[in-house]
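Visitor: Listed here are the chains, written in short residue letters.
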Amino acid sequence: MRLHRVGAVGASLAALVLWTGACGSGGGSKSSVTTAPGSASTASSTPALGSITIGSANFAENVMLAHLYEGVLKKAGYKVTVKENIGAREVIAPALQRGDIDLVPEYAGNLLGFVDKTTPGGLPIDQTVTKLKTALQTLNLTVLDASPATDGDVIVANQQTATKFNLTKISDLVANGSQVVMGGPSECATRITCLKGLQDVYAIHFKDFKVLDAGGPLTVAALSNNDVQVARMFSADSTIKAKNFVVLTDDKNFQQAGNVIPEIRVDKVNATLTAALNKLSSTLTTDDLINLDDQVQTAKKDPTAVATAYLTSKGLA
Amino acid sequence: MSLPAVISLSVRDLYRWYANGDHWRGSQGIPHRLEEHVAMSLAVVLSALLIGLPIGLLIGHTNRGAVVGVNLANIGRAIPSFAILVIGAQLFHIGAKPAFLALLALAIPPIVTNASVGIREVDPDVREAAKGMGMTGWQMLRRVEIPLAIPLIMAGVRTAGVQVVATATLAAVVAWGGLGRYIIDGIGQQDSGQLLGGAVLVVILSLSTEIGLGAAQRALTPAGLRHQGSAMPGAAVVAVEAKEVEKFAPAS
Amino acid sequence: MGGNSLLADVGQQWLRWSYVTQSSHRILDALRQHVELTAVAVAIGLAISLPLGLAAWRYRRLAAPILGMAGVLYTIPALALFALLVPITGLTRTTAEVGLVSYTLLILVRNVTAGLDAVPPEIREAARGMGMTPARQLFRIDFPLAVPAIVAGIRIATVTTIGLVTVTALIGQNSLGQLIYSGLNNQDRTPVTVGAGLSVALAVAADLSLIGLQRIITPWARRPRTA
Numbered sequence: 016m017r018l019h020r021v022g023a024v025g026a027s028l029a030a031l032v033l034w035t036g037a038c039g040s041g042g043g044s045k046s047s048v049t050t051a052p053g054s055a056s057t058a059s060s061t062p063a064l065g066s067i068t069i070g071s072a073n074f075a076e077n078v079m080l081a082h083l084y085e086g087v088l089k090k091a092g093y094k095v096t097v098k099e100n101i102g103a104r105e106v107i108a109p110a111l112q113r114g115d116i117d118l119v120p121e122y123a124g125n126l127l128g129f130v131d132k133t134t135p136g137g138l139p140i141d142q143t144v145t146k147l148k149t150a151l152q153t154l155n156l157t158v159l160d161a162s163p164a165t166d167g168d169v170i171v172a173n174q175q176t177a178t179k180f181n182l183t184k185i186s187d188l189v190a191n192g193s194q195v196v197m198g199g200p201s202e203c204a205t206r207i208t209c210l211k212g213l214q215d216v217y218a219i220h221f222k223d224f225k226v227l228d229a230g231g232p233l234t235v236a237a238l239s240n241n242d243v244q245v246a247r248m249f250s251a252d253s254t255i256k257a258k259n260f261v262v263l264t265d266d267k268n269f270q271q272a273g274n275v276i277p278e279i280r281v282d283k284v285n286a287t288l289t290a291a292l293n294k295l296s297s298t299l300t301t302d303d304l305i306n307l308d309d310q311v312q313t314a315k316k317d318p319t320a321v322a323t324a325y326l327t328s329k330g331l332a
Numbered sequence: 087m088s089l090p091a092v093i094s095l096s097v098r099d100l101y102r103w104y105a106n107g108d109h110w111r112g113s114q115g116i117p118h119r120l121e122e123h124v125a126m127s128l129a130v131v132l133s134a135l136l137i138g139l140p141i142g143l144l145i146g147h148t149n150r151g152a153v154v155g156v157n158l159a160n161i162g163r164a165i166p167s168f169a170i171l172v173i174g175a176q177l178f179h180i181g182a183k184p185a186f187l188a189l190l191a192l193a194i195p196p197i198v199t200n201a202s203v204g205i206r207e208v209d210p211d212v213r214e215a216a217k218g219m220g221m222t223g224w225q226m227l228r229r230v231e232i233p234l235a236i237p238l239i240m241a242g243v244r245t246a247g248v249q250v251v252a253t254a255t256l257a258a259v260v261a262w263g264g265l266g267r268y269i270i271d272g273i274g275q276q277d278s279g280q281l282l283g284g285a286v287l288v289v290i291l292s293l294s295t296e297i298g299l300g301a302a303q304r305a306l307t308p309a310g311l312r313h314q315g316s317a318m319p320g321a322a323v324v325a326v327e328a329k330e331v332e333k334f335a336p337a338s
Numbered sequence: 012m013g014g015n016s017l018l019a020d021v022g023q024q025w026l027r028w029s030y031v032t033q034s035s036h037r038i039l040d041a042l043r044q045h046v047e048l049t050a051v052a053v054a055i056g057l058a059i060s061l062p063l064g065l066a067a068w069r070y071r072r073l074a075a076p077i078l079g080m081a082g083v084l085y086t087i088p089a090l091a092l093f094a095l096l097v098p099i100t101g102l103t104r105t106t107a108e109v110g111l112v113s114y115t116l117l118i119l120v121r122n123v124t125a126g127l128d129a130v131p132p133e134i135r136e137a138a139r140g141m142g143m144t145p146a147r148q149l150f151r152i153d154f155p156l157a158v159p160a161i162v163a164g165i166r167i168a169t170v171t172t173i174g175l176v177t178v179t180a181l182i183g184q185n186s187l188g189q190l191i192y193s194g195l196n197n198q199d200r201t202p203v204t205v206g207a208g209l210s211v212a213l214a215v216a217a218d219l220s221l222i223g224l225q226r227i228i229t230p231w232a233r234r235p236r237t238a
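Chains A, B and C are the protein sequences, given in the same order.
Under our numbering, the first residue of the first sequence is numbered 16, with each subsequent residue one higher.
Under our numbering, the first residue of the second sequence is numbered 87, with each subsequent residue one higher.
Under our numbering, the first residue of the third sequence is numbered 12, with each subsequent residue one higher.
Read the hints as simulated data drawn from the structure, not as lab findings.
Computed from a predicted model, the values in this text were never measured in an experiment.
Be aware that a few hints might be false.
What the hints assert, rightly or not - Here are the simulated SDA-like pairs of lysine to any residue, each with C-alpha atoms no more than 25 Å apart in a straight line:
hint, chain 1, residue 1, chain 2, residue 2
1, A, Lys225, B, Leu177
2, A, Lys94, C, Gly101
3, A, Lys211, A, Ala150
Can you build the whole structure from these sequences, using the hints too?
Guide: Take a look at the structure:
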């Protein structure tokens, strides 16, 4: 009986502790506090530039990129909220248009292919960006500068399949496709950078397609266990090397430029924000990205902490 | 988007999705996914009965381990099904196995609790009378306690059944199939026809399960007790919840 | 590649304390958000269910449609309901709350009705005999005596909601479910353990405190146990 009374009191105390913000972070749905350097900006109590919401897709690299953006924008004077793990581009796009989120780290070529389904593969990055800006205009969205850092879609095969069918490039799959099961995320079936593209551009027809995730743990596990032989992953993913997966060369150039690029609502663009994000984009290199990915994906470090450490090391936060 | 616009577009998409012949064929088709879902739910509930019913009956009959029996459903309910599914997927390979085990973990508690409470609730006078008639413990269980406990036992089965059907939709997040696949893929591909189509199918299946198990409950309940229990959806959930929760009410 | 295999196992550990210390802000934010989502949902659910339960009790003809509606809402799978609301209300807390509130209605309405039903007729007779107006009766007799059942409903609704809040991670909301979801996405067991463990702890704490609350507000509601 006393247990109940203790429970009531205990719970109220706990509630009090929680709400006085033992953590010191502001209220609201998803304000993530970047530790140490980021908090230098809390000296300026009311941000002069207002607030901005950054969304991210549901994989660790994108979450980390979102926190990179968060760090530089906080330093620039914004009040930033981050919504993590929203989902794939198909879900993020309407969210951006509705204004649920304002900014999201994207990949130039893949985004273009999504917005304009007629885009051919293999476009160089500057052409990609120009086309993107035009295509996004009607949606009241735009992109800023593309980073030299790339993380594009790649088709990989597990070691045993690559050996068995002597696979080095994607068109090697034409002959053996019917004996191979491919894995990918839900949206892969309809994407021209994924299953649909393989069918249309390469004329590959697989034995079966299994819905897994976006190059994440389910995909890695399925490839390792040979539940699927071929899958779509991301080029900066350190797991590819770790698991001896074989990246198949895109000989028909159907993939697109995977440069990291901020996609943003037009009504949020201003000189300060653009300068801050462009500086970050130009600083980030592919090697940096691979290193950061390794930290969040393999070493499982906290994406916010990893982002903060990087920004500090580059003097950006 | 405005509500009326969303609704009319949704209805149109829904109709189109059902009208598409491709959606009724093959391993991604409605019949197959429906079968997957029903088969999994059936397997889980039967297994849960096989495991949980004897335990619950034993607890109720012997009055040992009553604390566990009575609290198990509450503890089970406190564990989010999403968490169980993810833990299951991380322990085993993706697919049917983690889904089955997670759903089993969900289904056993209400069955154990309801069986144990149902047996314990049997009027002590009736038990006395049975003992007076010379019944052994086993006979008492079989001829008196279980029949009297049927309403509560069946309520537990109904709770478990409906919960399993509902949570099985969530198993699609860890790459299982079933009707939840349409919901997850509908979200992923922003295909509202698919999303709605799957959701409607799950609702129909859930309601059918409720009604079907309600009918089973009526059929199994001894005639004299028929006035108990109702066929309203969720009534079973609440009836037993209220009853079992009274057990925790402050007693003097 | 020997070093790699060691690193690759990091995600296999069910509870890395380095994660807990490194991500303490993230965890506390998630916990705070989880509690807020739950509290708001149950509060609104109760606000809706009290009048609805009262109506269902007072006017028998309304009981079936009210409970039926609540029942159907209950059978709609949570994820589908959230996803269907997103085009209308966006990836916002509103979407999450609308869905969460819907799931509390069946339990709460049912328990309000059951609680009012359980008021002994003799007491209602006595109140009528004392000349109490129906309104007075409702507030001084019926509702207070229905409190145990109502609180029982609140307890169940709260525990159920705490579990359902985890699903809102799939529509971009922060909660303990977001820890679980990110653990799934990143092949990392520790966030899952932390998210799941805290969810259970939260549910148990909520349950106990609600029992405590009930005892405080209805000290007379101690029934002698039947045998």
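Visitor: So, for every hint listed, does it hold in this structure?
Guide: Hints and how they fare:
Our distance criterion of 25 Å between C-alpha atoms is met by A:Lys225 and B:Leu177, whose separation comes to about 20 Å. A distance of roughly 21 Å separates the Cα atoms of A:Lys94 and C:Gly101; the hinted pair therefore holds under the 25 Å criterion. A hinted pair counts as satisfied when its Cα atoms are at most 25 Å apart, and A:Lys211 with A:Ala150 qualifies at roughly 22 Å.
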